[in-house]
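Top line first, the protein sequences correspond to chains A and B.
For the first sequence, counting from 1, position 53 maps to 53 in the numbering used here; every step adds exactly one.
For the second sequence, counting from 1, position 130 maps to 130 in the numbering used here; every step adds exactly one.
Simulated from the structure, these hints should not be mistaken for laboratory data.
A hint or two may mislead.
If chains are identical, the list can't say which one is meant, so a pair holds when it fits in one copy or spans any two.
In silico lysine-lysine, DSS-like type, Cα no more than 25 Å apart, as pairs [what the hints assert, rightly or not]:
id : residue 1 : residue 2
1  : Lys321    : Lys146
2  : Lys146    : Lys111
3  : Lys301    : Lys185
4  : Lys301    : Lys321
There are 2 protein chains.
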Amino acid sequence: MTFKRTAIFSLLLGLSPTLFAVDEPIQPIKPVQSINLGQVELGKKLYFDPRLSKSGFISCNSCHNLSMGGTDNLKTSIGHNWQQGPINAPTVLNSSLNLAQFWDGRAADLKAQAGGPIANPGEMAASHTLAIDVLASIPEYVMEFKQVFGTNKITIEEVTQAIAEFEKTLVTPNSRFDQWLLGEKAALTADELTGYKLFKESGCVSCHNGEAVGGNSFQKMGIVEAYSTKSSAEGLSGVTGKDADRFKFKVPTLRNVEMTYPYFHDGEAGTLTEAVDVMGRLQLGRQFSDQENSQIVAFLKTLTGDQPAFQMPILPPSTDKTPVPRPFD
Amino acid sequence: MTFKRTAIFSLLLGLSPTLFAVDEPIQPIKPVQSINLGQVELGKKLYFDPRLSKSGFISCNSCHNLSMGGTDNLKTSIGHNWQQGPINAPTVLNSSLNLAQFWDGRAADLKAQAGGPIANPGEMAASHTLAIDVLASIPEYVMEFKQVFGTNKITIEEVTQAIAEFEKTLVTPNSRFDQWLLGEKAALTADELTGYKLFKESGCVSCHNGEAVGGNSFQKMGIVEAYSTKSSAEGLSGVTGKDADRFKFKVPTLRNVEMTYPYFHDGEAGTLTEAVDVMGRLQLGRQFSDQENSQIVAFLKTLTGDQPAFQMPILPPSTDKTPVPRPFD
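Make a model of the complete structure from these sequences and hints.
Now the structure itself:
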């Protein structure tokens, strides 16, 4: 729909055209529409349960910390035995809106993603069998799985399904930018609006668009100019096997980007200022002035939405039959 | 007050003597009486903030996990760079009731305790200076410290004061045992009551008494029979310098003991059954039968109270000036 048609449509309804944001390349985050609340509550416990790791120390929340924008705010994550991860932990916030999961998109959806870190020897270092053995040894979990899934036997399918359902609740509506999109003109300052115009006009928006302001395409890191990095990650090509996909990564969401530092798949950009500068030069061939950079950064900071709000889950205790954590062997 | 006098007093009031638990050696946990709520909210953020550690990965909650009985449920904790801690992490729940903090009592109170792990190279591995530098670089923290403490300059005194004030809220009233103490006769089963009688008559209660069912004295580990352990911890003697205090440790609270496994200062007792057996033999010279043991364990499980219930805090983001975490150097 063009702006003109929208405007005419709006005028027909007697509404101001600015009340409609359909012509903007970014859409407001919608609150969760439909959810299985039983799975959510179970999945929340699992998300916070470090017993799904070999050490009993690392949970999903360790690297996708919901107190910190759904990330660990580290260049690359810390895994079992303090191993250094190969890539920056992407935020779990709004991740249900991604076209695929992981930087290289190797998981089709959140459910497919959730099983990965549990069994990855560099991350939680357990196995699906061990994780199930732990859960099956705890009567409260057995009962809750039965209530939620109607089965007596806990499977990794149900575990990842519940975690994914919880993660679907982790959307962040109501950012100042979304308020503006929805017609609240006073929600943005002049500088923030100028930053948004720059973001659109200079081409950032060609990749960072849609509800999540990213997350919906794979793009090459370093289009105009090659990206220099010590990271060995090659992105999408590892999934497709195509040489043309080397260094293509899922475009990260910019929602809550003020909280999800450091930036890029290698975490090498520590600040938004640096990230905007590098993106401008390498992806767009454009050197933003200091003022332009700060205006774009000001716009980006308006993308912080309502953070997840829920009570810390209380985990059911282990029993005498629960496999014991093994952090040091 | 003797039972007789209580009974007479109760009868004078026309009440059943069993409504009064003043003759029991254990008292109900009282809800928090007086608290500085501003400090609590600030302290909650600090308690969950891993930026107080060198790695940016370890927070107070890492080892005193409020989803898991205020412990990490590991024999000994995992510190910076996956170092193995020297001692079992005591629960933070009801720790305000302890006569002193740490197993050896080297910190007089929660405030004195809170600064320890931040600067301990084997735990959070930061320094007080670094922790303050991090907080002072974050405007939301600066503002909140000013609101709460009325000062422009954040100090470690205020940091530990706020954390301690939050920790004072972590009491767990309303356990089934406390309901019974308060007159709800049906709150305990016959087996649980028998277990409690055994707990009293066999002498467990001589050390595990008071509101926290422990935490109010130092006692030697291994009175009747020496305790054999690989742990090099010698307890109170390290604080007092007295040889007579070797292997004296603070008696742990038994509140929520079902959740605070594994047990003892070295974490070597994995189950309550084992812990009760060892305590009976080494401290009391008594070999509990299987039935007695299971009745005492049944009683101990009635000491689980209301767990902390609050929203996950959202931490204010770092700024371009915030010292960057250094997990791998």
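Each hint, compared with the structure:
1. Taking identical chains as interchangeable, the C-alpha atoms of Lys321 and Lys146 lie at most 25 Å apart only when both belong to the same chain, with a minimum of 19 Å there against 50 Å between chains.
2. In the homo-oligomer, the alpha carbons of Lys146 and Lys111 lie at most 25 Å apart inside one protomer (19 Å), although the nearest pairing across protomers, at 44 Å, exceeds that limit.
3. For the identical chains of this complex, Lys301 and Lys185 are intra-copy neighbours only, at 17 Å inside a copy versus 57 Å across copies, given an alpha-carbon limit of 25 Å.
4. In this homomeric assembly, Lys301 and Lys321 come within 25 Å of each other (Cα to Cα) only across copies, at 16 Å, whereas the closest approach inside a single copy is 49 Å.
Going through the hint list in order, the structure satisfies each hint without exception.
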